[in-house]
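A.B. asks: From first to last, the protein sequence lines stand for chains A and B. Last residue of the first sequence: 634 (the numbering used here), numbering continuous. Last residue of the second sequence: 351 (the numbering used here), numbering continuous.
These are calculated hints, taken from the structure and not from any lab test. Because the structure is a prediction, the values reported are computed rather than measured. Warning: the hint list may mix true and false statements.
To be clear about the criterion: a stretch of chain B counts as covered by chain A if any three or more of its residues have a C-beta under 8 Å from a C-beta of chain A, and this derived list gives those stretches [what the hints assert, rightly or not]:
# : stretch
1 : 100–108
2 : 121–133
3 : 311–325
4 : 336–344
Taking lysine to any residue and the SDA-like style, the derived pairs with C-alpha atoms no more than 20 Å apart in a straight line are [unchecked claim]:
# : chain 1 : residue 1 : chain 2 : residue 2
5 : A       : 313       : B       : 351
6 : B       : 350       : A       : 253
7 : B       : 152       : A       : 313
8 : B       : 85        : A       : 253
9 : B       : 85        : A       : 309
Glycine included, each C-beta is placed from N, C-alpha and C at the ideal position.
Here are the chains, one letter per residue:
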Amino acid sequence: MIPVVDFDRFLMAFSLGVHIILASVGIALPAIIVAAEVIGIRRKDPYYSAMARRLSIALVVLFAIGTASGTLVALELFLLWPGFMVLVGQVAILPLYIEVFVFFLEAIFLAVYIYSWDKFKRRYAHAAVGALVGVGAAASGVLITMLNSFMNTPNGFNIPVYLSTGSLTGINPVAVLWTPATGIEVLHVMATTYFAGAFIFCAYMAYMVLRSSGNERTYYIKGLKLVFAIAVIATLASVYTGVLSIKTLAVIQPEKYAALEANLVPMAHAPEIIGGYLSNNTIKGAVVIPGLQSVLLGSPNATAPGLSQYPEDTWPPFAVHDMFDAMVTLGFAFAGFIVLVMLLLLARERPFERRPVLWLTMVAGVLAVLLLELGWATAEVARQPWIIYNVMLVSQAANDSPSVIPIAIAFIIIYAAIIPATLLVLKRLFRGRPLSGDLVKG
Amino acid sequence: MNGIYTLNYAVFAAFFTLFTIEVGIALAFLLSYRNKDRLKRYLMPIWEITGTFAVFYVVNFEASFPSAIAIVGRVYIVPLLIAAMFFIFRNAFIAYSEYIRRAPTEKRLLRVYSVATVVTAFLVVGVLGSGVSGIGINAQEATANIYLMLFNPFTLLLFTAVALIGVFAVSVFFGIAAFRMLGYACAPIAVLLVLIALYLHGGHALSNATAYWPLLALTLAFLAAVMYLGIRAPRASQFAVVAWVFWAILYFGVVVYPYWFGGALNSQAYLVNAVTGRYTVAVTLVGGALVAAALAYFIYITYVKK
């Protein structure tokens with residue numbers, strides 16, 4: 193019999209797994225729309241203006257599904273993890289609470305942006321409202337990540353007293369807004385969110401370039417150029433913050449770091465271990481690059497933390513190491529793809545009109561989603577068995593009511609129906625709304 | 046009343062005012078589809094804001110009564126997750142219907158939206174009703190009988206009252222002629238049903254209702270004024286009816302204060318600690334002012350500016 197806590201885990205993971213895709217689209221899309229609208233106004237280019245109008249329809253539909261899925265996650269937090277939320281409510285509620293107001297402002301400005309498009313005489317003012325939607329969406333992402341940072345490096349209350357007596361003392365709810373993990377985690381999460389969201393739209397635009405001709409093709413090529421530019425900036429930011437993030441992890445969450453790097457014991461001149469599996473407490477089948485890990489930590493003599501410094505029952509599963517390696521490998525693949533496109537651009541080879549590049553862009557869109565999920569899963573699984581690192585175990589936080597099981601199954605079925613239905617509706621929407629009409633309006 | 050409790054209940058009242066009107070619209074879509082265009086003109090820009098109020102209430106509850114989360118999580122896990130499912134349908138189908146203009150398809154989509162909204166309302170009222178009455182709930186063991194929780198006279202009377210108030214609000218707000226007589230009959234019946242529910246429930250809610258009889262008199266006088274305005278000054282009555290629904294929900298909150306589950310729990314024992322409470326109130330005031338300003342801008346741009 194599977195323990196109820198594993199169903200809780202599964203339902204939460206499934207809901208969040210879906211939600212982060214919707215959230216990354218919901219955060220990246222306003223930036224794309226506003227960029228298109230501003231370019232359209234500045235250059236008097238009807239293609240970009242039409243792009244802003246058409247993509248804003250997708251934003252409304254995706255916002256509807258995203259809001260519902262966000263509400264579900266907010267509910268699940270206290271229905272599935274009451275123990276966790278009792279502590280969060282007393283100590284760490286501010287990020288979540290401020291986020292609600294930010295979300296509110298985002299919803300209000302979105303309604304103004306969409307439903308009052310033609311009431312703005314100054315078009316830059318309309319674009320500014322769109323920018324507020326984008327700021328609201330990004331701020332929501334930042335605030336939710338702050339709560340996750342608290343889970344990784346808790347502060348804002350007297351932890352030793354809590355662990356020994358269960359009493360909450362020395363509460364400072366503001367301290368929760370800036371934990372040791374917050375800065376780098378926020379930067380990395382936001383960069384990767386824009387990265388995934390932008391690449392999803394790159395894939396869509398590339399697909400449409402392949403399928404269209406004439407005016408429509410020009411429209412999608414322009415769209416691809418715009419979205420690809422955002423994707424490049426986000427990729428560079430993701431790589432940079434990713435490197436900083438892993439170095440910070442070695443200091444603030446050494447156990448998690450050791451699990452990701454598969455360091456069984458602490459050591460100086462640590463090698464980089466790529467791949468492999470654990471057998472009888474030794475790693476087999478891995479590629480080992482001597483000394484590289486210490487170099488990446490800042491010095492060839494740097495000592496990398498090891499799992500043996502911690503009780504074995506708090507080690508994360510070994511699989512996180514392979515997940516981490518897969519994530520880094522995919523990151524390198526993206527960097528290579530971007531370099532290739534840049535070289536083609538420099539050589540004036542019109543990469544966005546070449547079939548192989550368009551196909552690769554479509555693959556990149558799928559891989560970007562995979563990378564987003566992999567990054568999130570790695571970060572979360574590597575914190576196991578803790579829900580709040582070194583403070584509360586997942587099992588202590590969980591709702592052990594068995595009634596969650598049928599509901600978990602029902603939710604999976606609903607999501608499995610709603611997401612394709614939404615994509616189908618979007619497809620019908622754009623098919624029933626000829627580009628020429630929006631080009632005239634633009 | 047405790048400040049944090051009052052704030053939390055005010056957030057609920059704001060959410061439930063908008064949602065009650067939406068229930069009325071959903072019923073109107075089902076009963077009188079020919080007024081669709083007029084109803085949609087109001088609904089389209091505001092449905093997402095109503096949804097956001099729902100999230101606001103959930104998080105505000107987590108911030109106000111963190112110690113109650115353990116029991117609420119266990120007792121309400123089934124109805125609230127099912128409500129969330131229907132909430133997903135509500136969002137999805139209203140968004141789909143917004144852009145699919147082919148008449149038969151739009152009608153079908155709006156019907157699904159309407160049913161999803163009404164079922165969500167039923168579940169939310171079921172949770173609210175059992176939270177007040179304690180019917181179907183064993184607060185000591187944190188267990189619940191879902192069937193009893195949802196299908197008991199107290200909850201059914203409350204839900205019927207909410208549906209009737211929704212119809213009343215829609216008939217006044219939109220001035221729908223076909224709905225006027227029906228709508229005007231609905232409101233007094235709804236108030237009567239709530240009073241019967243409180244009488245059946247007995248306990249502290251009934252004694253509060255008796256003790257605060259001037260508030261009930263005020264609620265009824267306000268209702269009469271709204272009805273009068275509905276006939277004499279329809280435009281002013283649009284705002285008045287929203288204010289009355291909000292007031293009526295606040296009145297209910299005063300009556301049921303401060304106990305949960307039929308008096309088994311005292312909400313005051315579950316309040317957030319003073320330090321965090323101060324910060325959440327400060328955030329509510331600042332954030333609330335910003336949201337109010339943004340809402341005023343939204344109303345001006347959407348409904349006033351030509």
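A.B. asks: Now tell me if each hint is right for this structure.
C.D. replies: Going through the hints against the structure:
Coverage of the stretch 100–108 of chain B by chain A holds in this model, with 7 residues showing a Cβ closer than 8 Å to a Cβ of that chain against a need of three. Chain A is given as covering the stretch 121–133 of chain B, and this holds because 10 residues of the stretch bring a CB closer than 8 Å to a CB of that chain, at least three being needed. Counting residues of the stretch 311–325 of chain B whose beta carbon lies closer than 8 Å to any beta carbon of chain A gives 6, which reaches the threshold of three, so the coverage claim holds. Coverage of the stretch 336–344 of chain B by chain A holds. Counting CB-CB distances below 8 Å, 5 residues qualify, and the rule asks for three or more.
With a CA separation close to 11 Å, the supplied pair residue 313 of chain A and residue 351 of chain B stays within the 20 Å bound. Of the pairs offered as hints, the one joining residue 350 of chain B and residue 253 of chain A is violated, with about 25 Å between alpha carbons and a cut-off of 20 Å exceeded. Among the hinted pairs, residue 152 of chain B with residue 313 of chain A is inconsistent with the structure: their alpha-carbon atoms are about 34 Å apart, more than 20 Å. Of the supplied pair hints, the one linking residue 85 of chain B and residue 253 of chain A holds, its CA atoms being roughly 16 Å apart against a limit of 20 Å.
Proposed proximity of residue 85 of chain B and residue 309 of chain A is supported: the alpha carbons are some 18 Å apart, at most 20 Å.
Hint check: violations occur at hints 6 and 7; the rest are consistent with the structure.
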